[in-house]
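Asks: Here's the letter readout for the chains.
There are 2 protein chains.
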Amino acid sequence: MADHLRFMGIAYQEALKALDEGEVPIGALIVRDQQIIGRGYNRVEQLSDATAHAEIIAISAASNSSASWRLNGCTLYVTIEPCAMCLGAIMQSRIETIVYGAADPRYGAIDSHSYRRETERTYRRFPSVIANILNEDCSRLLTGFFAGLRK
Amino acid sequence: MADHLRFMGIAYQEALKALDEGEVPIGALIVRDQQIIGRGYNRVEQLSDATAHAEIIAISAASNSSASWRLNGCTLYVTIEPCAMCLGAIMQSRIETIVYGAADPRYGAIDSHSYRRETERTYRRFPSVIANILNEDCSRLLTGFFAGLRK
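The listed protein sequences derive, respectively, from chains A and B. The working numbering applies: residue 957 is where the first sequence begins, and numbers increase by one. The working numbering applies: residue 957 is where the second sequence begins, and numbers increase by one.
It cannot be assumed that every hint is accurate.
Said to hold, decoys possible - On the chain B side, residues computed to face chain A include the following (Cβ under 8 angstroms): (1) 960; (2) 1040; (3) 1063.
No wet-lab data here; the hints were simulated from the structure. Owing to the predicted nature of the structure, the values given are computational and were not obtained by experimental measurement. Beta carbons are placed, not taken as given, at the ideal position from N, Cα and C, and that holds for glycine.
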């Protein structure tokens, strides 16, 4: 649990980088054997690329650094519940554990929407999920960002 | 229909590039107003990146070339039915039409598996889908590749 808080704290720092750059503030890390092997933050606007979510960037970085697309044994830390695209990337890359901060009632594909059953049917497995780590901080960062946009 | 065949023929040429490089042979294009604005082929092994599917690369390329992540009005041509990750990327990028060659009974998320209903619930829309364009050629390319691997 202490490790989860520590790693989520680092994912949160990634989310702050997104905030600084005017992006929806979401950050992610990939950890294997207690080592961070990839990290990323949301860069959709800067890269003009709808696929540039924090999780996708972290997965690409982790795969590059380990010279293999297979991320068996890895844990993804992400400040906000992943969307369906990112869940798909998690399955493709064989990440085994998902730790997320706050749920995303609108787009979240792990618990907020029901992609789990069809995902299990397709891949015959599903990652372990640990939710609500630094929940309030991760949530406040996101809701504060959107409240700021509306002003 | 003639346009669909023509564009799928170009996506097929992209798939041949993947084949030449020892990758699972799948190719994709993004078309807007009859112009190709992005293209890609599967590069998972070369880039050591599970997210490097043909569709993701084509979406990133189209977004870069049009300097916006919003691909409204665009059509994706892809030789094989997209997986759940790529369907998620299609939704995130707001692509409006999917034209695919051959179904993928194992991982296909459009017709082979039932992601459509949950996707409609999440996004309150779903792209138009046109299937089985150059079906036999696209299918044969893929099955031939896997048969070769088994030998």
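Asks: Now tell me, hint by hint, if it's right for this structure.
Replies: Hints and how they fare:
Of the supplied interface hints, the one on residue 960 (chain B) is violated, with its beta-carbon coming no nearer than about 24 angstroms to a beta-carbon of chain A, more than 8 angstroms. Because the closest C-beta pair between residue 1040 (chain B) and chain A is about 4 angstroms apart, less than 8 angstroms, the hint holds. Interface restraint check for residue 1063 (chain B): the shortest CB-CB distance to chain A comes to about 6 angstroms, inside 8 angstroms, so the restraint holds.
Consistency with the previously given hints fails for number 1 only.
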